[in-house]
Amino acid sequence: MKFLNKQTISVLLGLVGLILPQFIGFEGLEPAGQIAFGIFLMAAIFWICEPIPIFATSLLIILLQVFLLSEKGLFASSLIESGYTPQSYKDFYGTMASPIIILFLGGFSLASAAVKFGIDKTLTRFLLKPFGSKPHFVCLGLMVSTAVLSAFMSNTATTAMMITVVLPIIAQLDKGDPFRKSVALAIPVGANIGGIATPIGTPPNVIALAALRGQGIDIAFSTWMLLAVPLVVIMLILAWRILLFLFPPATDEFKINLDAKVDKSPAAIIAYIIFGLTVLLWVTEKIHGISSSVVAFLPIAALPALSVLDKKDIRSFSWEVLWLVAGGISLGLSLKHTGLASWIIDLVNWGSLGSLGLLIVFGLVAYGVANLISNTVSATILVPLAVGLGVSGAAGADFNMGISIVTIGVVVSLSMILPISTPPNAIAMSTGVIETKDMAKSGIVVGVIGFAITLAISLLYWPLFIK
Amino acid sequence: MKKIYILCVDDEPEVLQAVEQNIAELEDSFPILTAESSDEARTLVKHIADEGNLLGLVLCDHVMPGDNGVDFLIELDKEDVFYNTRKVLVTGQAGLDATVKAVNEGRLNHYVAKPWQAEELIKIAKDQLTQFVIRSKINPLPYMMSLDAEKLSEYIRTEGIVTDR
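Same order as they appear, the protein sequences are chains A and B.
Counting from 306, one number per residue, gives the positions in the first sequence under this note's numbering.
Counting from 29, one number per residue, gives the positions in the second sequence under this note's numbering.
Hints in this document: simulated from the structure, not taken from any laboratory.
Errors might be hidden in some of the hints.
Which chain B residues face chain A? A few, computed with CB under 7 Å, are given here [what the hints assert, rightly or not]:
| id | residue |
| --- | --- |
| 1 | M29 |
| 2 | K30 |
| 3 | K142 |
| 4 | Q145 |
| 5 | M172 |
| 6 | I184 |
| 7 | G188 |
Beta carbons: idealized from backbone N, C-alpha and C, even for Gly.
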C-alpha cells in the first residue's frame, strides 16, 4: 500500500492551500480575505485533482465558511476587530435553497416525471418524425431532439436516453461506414450545446444566473432563452455540417423505429399537463411577470401532491448536483464579500487588454479549463473573478460584467474535446463506436468555431438585453 | 475500481476450456477464473472476497467429484458479498430435483443444457453480467462496450448513476 498516491498528495496539497495563506501576509488582503483565499485554493485543488467527489468539496466549502467566516464562526470577533463585517451563516446555508437552486430543483422534478412516464422518449419520437429517414436529416433530427430535451433535462440523462435510440441505428450500418461516428457524436454534441438553451439546461447556467442576481441583474427565463437559443440554433446547424463533413454517410437510407407507446394512465396525463404548464409559465415570464423561481415550486409541490412522484422518485433526484452548485455559489459570496476577488484581479494589470481582450481571455480560460475539469467548477471559479473585475473597475468603464458572466457560463458548455470533458462525452465514448481522436477532431472544430460565434453574439446581440 | 470476475467450474478440463473460449471476448472487462472442483472454486471465491473484488457470474457444472455444483451455488447464495452474483448452471446431468433445488434455494438465474451453442453461451453471459452491473448499482460506463449497451443506457437514464457536472 503506497501512502503517497495521487489521492493523498492532492489532499495534502489542498490542506496546504487552505493553511498557507494564513501564515503569509499578503499585501492588501485583510484577514477575512486570507481565510477566503485559503478556502478558495483548497476548493480549486480539490475540484481539479478530485481526491474527493466534486460535490463533497462544495459541501466542505460551506462548512469552512460557516466555521471560519460567518458571524457565528470561530473567528467572528477577531474578524470584526480587523474591520470586517462577517456574513451571517444563514447566507451560506441559504445558497442551498436560493431561488435559482429552487428553479433548478423544479427542473429536476419535471425531469424525474418525464423519465418516469417516458415523456422524454415520446417527445423524441415526435421530434424525430419530420426528419425522415435520409442519413443527413436523421443526424440533424437526432441533434435537434437531443438539444431540445437537454435544454430542460440533465444533459447526461438525455444522452443516456438518446443512446438507446441511436444504438439500433448504428447496428444497421456497415462496420466501415463513417456515419456511425456521426450518429454517435451527434448525441453528446447535441446535449452539450442544448444545455445552453435555458437557465436550467445545465449547472453552469445556474452559476452564471446566480452571479448575475448577486449583482442585481435579474434575467428572466425567457430573456435567457432569447440570449441563448439563437446561439444554440446556429451551433447545432454548424455542428451538424461539421459532423457530416468529418464522417460522411456511405448509405442512402435506413430504417428507424419510431413506434412509441404513449402512457395514458391518469398519473402520466397529470405529468404531461404539469410539464407543459410549467414550461409554458417559464417561457412566458415576461408576459405574466411571475418569476421563474416562483413557478418552479409548482412542479416541486404539485407532482408529489398528485401522486405523480413518490418518495422513491424524490430520493432519486440528483441532489449532489444541487449541492455542487450551491457550494459554488457560496464560495462566490465570500470571494466578493471579503474583497478576495478584487484582490486577485488587482494582481494583474488588465488595463492594457481592453474590454474585448478581457472577454476573450476569460472565455478562453473557461473553455480550456472546462475541457479538463467539470464545467460547473470552471464556471464557479471564473465567474466570481469576472464579477471582481467588474466591481473593481480595473477593466475600464466599457467592460460589461453581465455579458462576461453569461459568456463564461456559455463557453464552458462548448468544451467537448475529450471523453472527460463532459459526462455526455463519456457515455458516447463508452459505446465503443467512436475513438478519442474522432471526438477530439469534432470537439476542437465545434469548440473553436463555437467560441468565435459566442464572442460575436456577445458583442453584437447580447448588449440589446444586458446593459 | 473493483474487478468483476467470472468464475467457470467444471471437472472436465476440455469442457472448462470450451466454456472459457466461448466467453473469451469478455476477458478484457471481466477477468475469467476457472476451477475444476467445488473446493477449488471455494478457494477462488474466498480470494475474490478477501481482495474486496466482485464476482459477477458463475458458470457451474453440476455433477463433479466432491461437492456437486448445485450445493456450491446454494452455499454461494448465502454469502452477503455474493448476493448479486449471477448463477448459471451449465450441465447435462442435473436431474429435475437438483435443478429445482438450485432455483428455489440458490436463486439460480439460468440453466444451460449441454451441449450448448457458443453464441448462446456468450449471449447468456452478457445478459447476466448486465443484470449484475445494474443490480449492484455499479457505474456502467466501463462495461457498456462489452455488455448490453442499450440496457445499461436505460439504467443511467432512470437511476441517475451518472449526472451532470
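Outcome of the hint check:
Interface restraint check: M29 (chain B) against chain A, minimum CB-CB distance 13 Å, threshold 7 Å, status violated. The restraint placing K30 (chain B) at the interface with chain A is violated, with a minimum CB-CB distance near 16 Å, outside the 7 Å limit. At its closest, the beta carbon of K142 (chain B) sits 31 Å from a beta carbon of chain A; the interface hint therefore is violated under the 7 Å criterion. Of the supplied interface hints, the one on Q145 (chain B) is violated, with its beta-carbon coming no nearer than about 21 Å to a beta-carbon of chain A, more than 7 Å.
Residue-level restraint check for M172 (chain B) holds (minimum Cβ-Cβ distance to chain A is 4 Å; threshold 7 Å). Proximity of I184 (chain B) to chain A holds as hinted, the smallest CB-CB distance being about 4 Å (cut-off 7 Å). The closest approach between the C-beta of G188 (chain B) and any C-beta of chain A is roughly 5 Å, which is under the 7 Å cut-off, so the hint is satisfied.
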